[in-house]
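Asker: Each chain, letter by letter, is given below.
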Amino acid sequence: MLHAFEKNDVEREGMSEEEKIALFDAFLRNEMSDSDKSDFTSLLDKSEDFKNEFEAYQDDAAQIKSAEEYGQIKSTLKSIHKEIHTPKKSLFVQMKFWIPLAAAAVVAIIVFALPNVMGGNADSADNAVEEMVYLENDDVADGASEEASEEALVMTEEIVETDSSTVGYFYESEVHTSELNQYIRYSDLIIPKGTSFPISNQGYFITAKHLVHKRRYVKIQQKDLNIAFNTEVVYRDSVLDFAILKCSDKNADLISRVPFKMVKSQPSLGDNVFSLGYPKADIVYTKGDVSSENGFRSDSMTYQISMPANPGNSGAPLFTKKGDLAGIIIANNSKKQSVTYVIKPDYILSRIENLQDKFPISLKSNYSVRYNQTSTTIKKYRPFIFEVH
Amino acid sequence: MLFRSIFLKVTLGHPIFIFFCTLGDLLIITGYIQLDTVSADHQITAEIVEKIRKQDRRTLSDIYKEIYPMVEKYILENSGSRDDAQDIFQDAFYILIKKVEDKSFELTSKLSTFLFGISKNLWLKKLTKKQLDKADYTNEIESGLTSTDEEQNLTKNKAMKKCIDLLGEPCKTIIVQFYFLQTSMKEIAEMLHYTNANNAKNQKYKCFMRLKKMMLKEKE
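Protein sequence lines, in the order shown, are assigned to chains A and B. Numbering-wise, the numbering used here puts 166 at position 166 of the first sequence, and it's gapless, one number per residue. Numbering-wise, the numbering used here puts 12 at position 12 of the second sequence, and it's gapless, one number per residue.
Derived from the structure by calculation, the hints contain no laboratory data. Bear in mind the structure is a predicted one, so any value in this text is a computation, not a measurement. It is possible that part of the hints are untrue.
[Unchecked claim] These stretches of chain A come out as covered by chain B in the derived footprint (C-beta under 8 Å, 3 or more residues):
id, stretch
1, 62-71
2, 74-84
[Unchecked claim] Here chain A is said to cover these stretches of chain B; the calculated rule only asks that three of the stretch's residues, wherever they fall, bring their Cβ under 8 Å from a Cβ of chain A:
id, stretch
3, 47-56
4, 92-104
5, 146-157
6, 165-179
7, 198-205
[As the list claims (entries may be wrong)] Here are the computed lysine-lysine pairs in the DSSO-like style, where the Cα-Cα straight-line distance is at most 27 Å:
id, chain 1, residue 1, chain 2, residue 2
8, A, K74, B, K73
9, B, K51, A, K82
10, B, K186, A, K37
11, A, K82, B, K98
12, A, K20, B, K217
13, B, K73, A, K51
14, B, K206, A, K287
15, A, K74, B, K51
16, A, K65, B, K213
17, A, K78, B, K98
18, B, K156, A, K51
19, A, K78, B, K186
20, B, K73, A, K78
21, B, K125, B, K186
22, A, K78, B, K158
Beta carbons: idealized from backbone N, C-alpha and C, even for Gly.
My request is simple: use the sequences and hints to build the entire structure.
Answerer: Here is the structure:
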């Protein structure tokens, strides 16, 4: 590095600025050998220009250092300023007035609570409160329309009782009666309970089990297509939170081939995912990414995504960025933000395979088209996302 | 008792500590806390100077809390904003900290008077410079509180800090690590995943030259 010293002054002139600075740094940091150091100092004595340059550099370095120090002090003061201006009363400041109260509390605590405080673990106490919350909407409609919507619900229930196979109808067909008409119209005001989607074009739908709890028939509808079905709950899984719905063969004809395929295994950590569901009366798109390979308290049948989900998102399909079906949204965490649990696709697949004797669900007719734009994918998919009522 | 006071030291600062002490202990704690707070209005003691020198956060916070309101009031009354007040007061505080670093420094007046004086001077100078007001404030400026050197230093530091912040990554990290924290080139290279120290050195040189150019522009 110090070969420059051995050469004469003319060549030193040719030393680039970068080399000079490297030299200065080495000298200032004491990284030179003794002989180099003496060479350097003699050079400083010899050449006025060199000395000036060195001093200028030293000044610059000192300036940077003091500027950064200024920055550090300033940021400390700024944080102090923030503390002061977001009044947070410290325990100590208020202490004087609390002495009598605290004394009373101490006595009370020693008598009652001390054993608990000593024995209990704060963390586990917290965990006990944390819950998995199903993303289910209550049967409540928006304010003023409440009465009307109740009426509508009753009407459709009557139809259920008469004959399940005739309840499915096409909104635009001329067959339906005025009551049925009303059902569709009113249901604009009803917030759906959850979301469902067809798994194959034979009339099989999938949704979350807790949505169809103790019900034999479930109404599902798709406003874009103006269709509504009454479906029979044909299967409730004992372990996984999913159920299979079946609509009559006649209605099944209304469903075209399903444009998404189920992935064989769950997406990996960090993969982008999105979902379409009905937390309100209109379809809602949410996106997020896979944040953990297992679900609530390491439940291995679900996995966790960081995505805001609301009541009504239950039963909604989760898609990968490419548009493949990657699970069913079932719940979120009551304590944590944006923590949503999804049933793993491999479990659903294996369930469906095991049930082949009972329900011949064929996933073969499902096809997949890759779109570059998520919005195009959504346009293609949205007729397949149904409201559950 | 000994055991208990050790225990108190450990649990102090945690709400649960109340659970473990009796009324007598509470009194001790409150007493202890009163001893610990700084009243800036008192004559500045050697102890406080030492604490400011060490930039003890609690002391700084206490002083800040006590003196800032009057500076804010003054600046708001003199065509300034809250942001101005914060900026000016923090600069004044910085000058105080730098002054205290010099061991021979002695403060004869009250701390509040001193800090308020510096803040006022800084603000009046800023007003004159910005010419927000036609009036000339030079007569009002108290002399003897700050030297021109210190003020020049402050403006230079302000400008340089602005430039450093504008550098962007990875330059900012390299410059701060090398010149402020005195990290070796080898460590910086590891930090930023450069293949060797020479690459980092090369990058540092480029960053340094950029900073210099920015400073020149800033001066204009």
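Asker: Hint compliance check: list the failing hint numbers for this structure, sorted ascending.
Answerer: 3, 13, 14, 19, 21
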